[in-house]
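Engineer: Spelled out, the chains give:
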Amino acid sequence: MATNLTPPLAIKPSERMAVRASQELKDKEVVFVGIGLPNLACNLARATHAPELYMIYESGTIGTLPARLPVSIGDPTLVTDSLAIVSQSDIFQCYLQGGLIEVGFLGGAQVDKFGNINTTVIGDYSNPKIRLPGSGGACEIATHSQRVLIMMRMSPKSFVEKCDFVTSPGSRMESSKPSRDLGKTRQELKLPGGGPTKAITDLGVLEMVDGEFTLTEIYEGVTVDQVRQNCGWALKVAAQLKTIPEPNSKTLDTLRNKIDPESMYL
Amino acid sequence: MRKPKISSNKLVSMKEAIQDTVKPGCALYIEGFTHLISFAAGHEIIRQEIKDLTAIRLTPDLVYDQLIEAGLVKKLVFSWAGNPGVGSLHALRRRSQKDSTSKLELEEYSHFGMVARTLAGSAGLPFWPLKNYEGTHIAESNPKIKSIVCPYTGETFATVPALHPDVAVIHVQRADTEGNAQVWGLMGTQKEVAFSAKRLIVVAEEIVDTSIIRRDPNRTLIPGILVDHVVHEPWGCHPSYAQGYYDRDNAFYVDWEEISRDPASYKNYLDAFVYGVKDRKEYIAKVGTDLIERLKAKPRRCEGVDYGY
Numbered sequence: 001m002a003t004n005l006t007p008p009l010a011i012k013p014s015e016r017m018a019v020r021a022s023q024e025l026k027d028k029e030v031v032f033v034g035i036g037l038p039n040l041a042c043n044l045a046r047a048t049h050a051p052e053l054y055m056i057y058e059s060g061t062i063g064t065l066p067a068r069l070p071v072s073i074g075d076p077t078l079v080t081d082s083l084a085i086v087s088q089s090d091i092f093q094c095y096l097q098g099g100l101i102e103v104g105f106l107g108g109a110q111v112d113k114f115g116n117i118n119t120t121v122i123g124d125y126s127n128p129k130i131r132l133p134g135s136g137g138a139c140e141i142a143t144h145s146q147r148v149l150i151m152m153r154m155s156p157k158s159f160v161e162k163c164d165f166v167t168s169p170g171s172r173m174e175s176s177k178p179s180r181d182l183g184k185t186r187q188e189l190k191l192p193g194g195g196p197t198k199a200i201t202d203l204g205v206l207e208m209v210d211g212e213f214t215l216t217e218i219y220e221g222v223t224v225d226q227v228r229q230n231c232g233w234a235l236k237v238a239a240q241l242k243t244i245p246e247p248n249s250k251t252l253d254t255l256r257n258k259i260d261p262e263s264m265y266l
Numbered sequence: 001m002r003k004p005k006i007s008s009n010k011l012v013s014m015k016e017a018i019q020d021t022v023k024p025g026c027a028l029y030i031e032g033f034t035h036l037i038s039f040a041a042g043h044e045i046i047r048q049e050i051k052d053l054t055a056i057r058l059t060p061d062l063v064y065d066q067l068i069e070a071g072l073v074k075k076l077v078f079s080w081a082g083n084p085g086v087g088s089l090h091a092l093r094r095r096s097q098k099d100s101t102s103k104l105e106l107e108e109y110s111h112f113g114m115v116a117r118t119l120a121g122s123a124g125l126p127f128w129p130l131k132n133y134e135g136t137h138i139a140e141s142n143p144k145i146k147s148i149v150c151p152y153t154g155e156t157f158a159t160v161p162a163l164h165p166d167v168a169v170i171h172v173q174r175a176d177t178e179g180n181a182q183v184w185g186l187m188g189t190q191k192e193v194a195f196s197a198k199r200l201i202v203v204a205e206e207i208v209d210t211s212i213i214r215r216d217p218n219r220t221l222i223p224g225i226l227v228d229h230v231v232h233e234p235w236g237c238h239p240s241y242a243q244g245y246y247d248r249d250n251a252f253y254v255d256w257e258e259i260s261r262d263p264a265s266y267k268n269y270l271d272a273f274v275y276g277v278k279d280r281k282e283y284i285a286k287v288g289t290d291l292i293e294r295l296k297a298k299p300r301r302c303e304g305v306d307y308g309y
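Here the protein sequences line up with chains F and H, keeping their order.
Per this note's numbering, the very first residue in the first sequence carries number 1; after that it's consecutive.
Per this note's numbering, the very first residue in the second sequence carries number 1; after that it's consecutive.
Same shape as in the complex, but just chain F:
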C-alpha cells in the first residue's frame, strides 16, 4: 500500500541561517529588514517568537506586514497594511541617522575579522576585476544601527584578511587599501551605531569579542577545521564552543511552507 509519509528533507544551509538569525530578534524590536535571507529571518521571527517585531524596509515602509514574500525592496506588498510610508529622505535622516533602528542586517561579497564589508568592487576601485552594486543604504545601516547582524556564507574568498574596499564600517578600519581612517576604531571615529555584533553563517556563528570576530557556535555536524578552512584569516575560536541544535519541525514547516513556499531564497 502506498504511503503518504515522505522522509523529512535534509536541512539546507540557508534554512539553518534563517532560523538561527531569527532567534537573534526580540519581540517589539525595531529592525531594518533587507531582501533575501534577512527578510526570511525577520518574517520567521514574526511568525514564531516575535509577533510584534517592528519591521522597517529601506524603501520607506514602517511597521510592515508583508502578505507575500517580497521579491524586491520596493515590492508593493510592503506598502499594503503598513503603519506608515515615508520618503527616502525620512528613512535615512529621521529613522537611521535619527537613531531609531535597533537592528540592521547586512551581507556582502567580502567581510573581514572586524566586520568591515565590501559591496563595491573586487580589485582596484578605478579598474575593478568585478564591479559590484555599491553601497545602497548599507553604509548608513552599518553606521547608524544600534547593532548589525551579518548574514553570509563562509568561504576563503568572502571571509578575507582584508577587504578590497570598505563600503560599510565594522569595529575597526582595516583593508588592503590605504585610508585616512586606517586602524581607527568605531569609537575613535565617533560612529553612532554599535556596529556588527554577530555574523550568522552557513557553518556557525561568529561573535564580535573585543572588536574581533570569534567563532562561538557551530551547527551540528560541522567541525572547527571546516570553519577554519572556509575563513581567510586565522580565526579565533571560543573556549566554550556551543553547538546549535537543529531547528524543530514546526519552525522548519513555517519557514518552508508559509514564509518561502516557492523556495526563492532557501
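Quick caveat, the hints were computed from the structure, so don't treat them as lab data.
Given the structure is predicted, the values throughout are model-derived calculations rather than measurements.
Beta carbons: idealized from backbone N, C-alpha and C, even for Gly.
Check before you lean on any hint, since a few could be wrong.
As the list claims (entries may be wrong) - Partial pick of chain H residues on the chain F-facing surface, computed with a CB cut under 10 Å:
# : residue
1 : 85
2 : 118
3 : 135
Chain F is fixed; fit chain H onto it per the hints.
Structural biologist: This is chain H only, laid out in the frame that chain F set:
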C-alpha cells in the same frame, strides 16, 4: 530665483515632452525607488537616440541599463547598481570592469548621499551635511564628498553637493493638466528631485480634473508650478509598477538576468520592444493582454479623511 510655470494645460505626448527637454549632453533624472519608474520615458529617449547623457538616480535599475546598452550614457551618478532582488546590471558591468573596452564615467555615493544631494538641490542650498562615510572608502573614492566642522559642536560631518538635474521625469498615479501630481505608496525622492530639477516632466497613469486633486490636497506631492510638461501614459512603468494600478512584473526582472547577460539577446530585446514600437501603446500591445490582465492591481481602497472645518 525660479519662474513658476503657470499654464492650465501642459498635456503633450511623451515624444514631444522628451524632444523639448532632453538634449544631448544633459543631466537626466528618471525618478522612482522601485515603484513608479518611467520606462516609457527611458524607451522614448532611446528611440530619439539622445546621446552623451549624465544619467542620475539612486538605483539605475533596468531602465538606465537599457540607456547604457543603447550607447547614450556618458556618465552614471548612482548609489546601488543592480537588478533589484535578482542580480547584476550587465550593460553597466560590461562597461565598468578591467576587461571593458569602453568605460563609463562613474560617480558613486551611498543612498543617503544621493538623497542628501537632492535635499540640498530642492532647498536651494549648495550642500547638505550627513553623519556618514567615516571608516569607509566611499568618500575617498569620490572627491565630491567633502566635510565640514559643525559650528555648534565642533563635530565633523560629511557633505555632498546640491544636485540640479537639467531634466527630471516623475511618474505619478494621477495629475491634472497643470501638473499638480498625487502619489501614494513608495515615494522615493520624487518630491526632492522635482524641486531640484531645472525642467520637469510629470507622467501620469490618469489625468484627472483639478477638483479631484483639491478634494485630497495632502496627497499632492508635486505642485504644478514646478512642471513643464504633463504626459498621460497608462502602464508607463511596466515592468516597474504603480500602486493601486498594476503590480511589478517580477518575472520580467528575473528573466532580464538571462536577456541582458548576452549582448545579442539584449539587442534583440531592444529591437523588438523599444526600437520596434512607435510608442507606449504599441509596447503594451506587444507585451500582451494576458500579462496585463494578470498584473492589474486588485482593489484595496482606504476610507479617506474629512477635510471639513
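Engineer: Could you work out which of the previously given hints the structure breaks and list their numbers from low to high?
Structural biologist: none
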